[in-house]
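Engineer: Listed below are the residues making up each chain.
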Amino acid sequence: MTPLSGYLILSAMLFAIGLAGALIRRNAIMVLVGIEVMLNAANLNFIAFWRYGHNPQALTGVMFVIFSIAVAAAEAAVGLALIISIYRHYKTTDVEKINSMKG
Amino acid sequence: MTAGFAILALLTVASAVAAMTLRNLVHCALALAVAFAGLAAIYLQLSAQFVGFAQILVYVGAVAILIVFAILLTRSGEPVAGSVFSGSWIAGVGIAAAVFAVLTAMIRSSRGLARRIPEPPQAAVRDIGDQMMSQYVLPLEVVGLLLTAALIGAVLIAMREKDRP
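Just so you know, the sequences run in chain order A and B. By the count of our numbering, the first sequence reaches residue 786 at its end, each step adding exactly one. By the count of our numbering, the second sequence reaches residue 166 at its end, each step adding exactly one.
Calculated from the structure, these hints are not laboratory results. Being a predicted model, the structure only gives us computed values, none of them experimental. Some clues are possibly wrong.
[Stated by the list, open to error] Have a look at the derived ranges for each label pair, beta carbon to beta carbon:
hint	chain 1	residue 1	chain 2	residue 2	range
1	A	780	B	142	34 to 44 angstroms
2	B	130	A	780	44 to 54 angstroms
3	A	781	B	79	10 to 20 angstroms
4	B	92	A	780	31 to 41 angstroms
5	B	142	A	774	10 to 20 angstroms
Cβ coordinates follow ideal geometry from the N, Cα and C atoms, glycine included.
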């Protein structure tokens, strides 16, 4: 049987990978992908705590993850639309070249 | 630690690392889909069936396809000159490693964590639907509104501006 800390450490690892990706990638799409990975790490924590918790019949963790997935989907759609709009304007998705507010 | 969890965790972490480090962005999107599928398998292992299948439907099905479309629409799939990482990548990796170290130290030092897994709860999809229509009906409506707003907003933002002065 895997102890709860196994899932928590896996989730921390995924969060760190997503954070590193969001911080070091130059492409704006990959920054968004890093944020998605971080959101998934948080969802894994919710499910693990729900499963190992004292009252799993309440379904609180499952409900939170379902709503979190819906919000993450909305975030991905709007974020990618913004990136496409920025690409149309600057002809690049390199976040280091997108550095002027109005141009 | 069971072998199943070890294999799934290894698959998920390896494909997440691949998604964050590969040069070709289409390969990154494929590795990301594998990472999401691994997470869905971990949810199934934790007997959260509905969340596992929702993860497959939403992330592997929709979000990965959305990312592939964004990559193709912005011509990011073409090879880029120079590094795909920013100049200050050492600081970024350092921050991520520090965050991971702090989180792991906290998890290792906490005493109250359950060691034994309880009996699998009877979390049938029927119960989830019942609760969603009774206790969580207001959040459900708000999420529906949010998704509608995001749909309209995404279409408006990505629409080509034709009659611009």
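Engineer: Okay, which hints does this one fail, numbers in order?
Structural biologist: Of the numbered hints given earlier, those the structure breaks are 4 and 5, listed in rising order.
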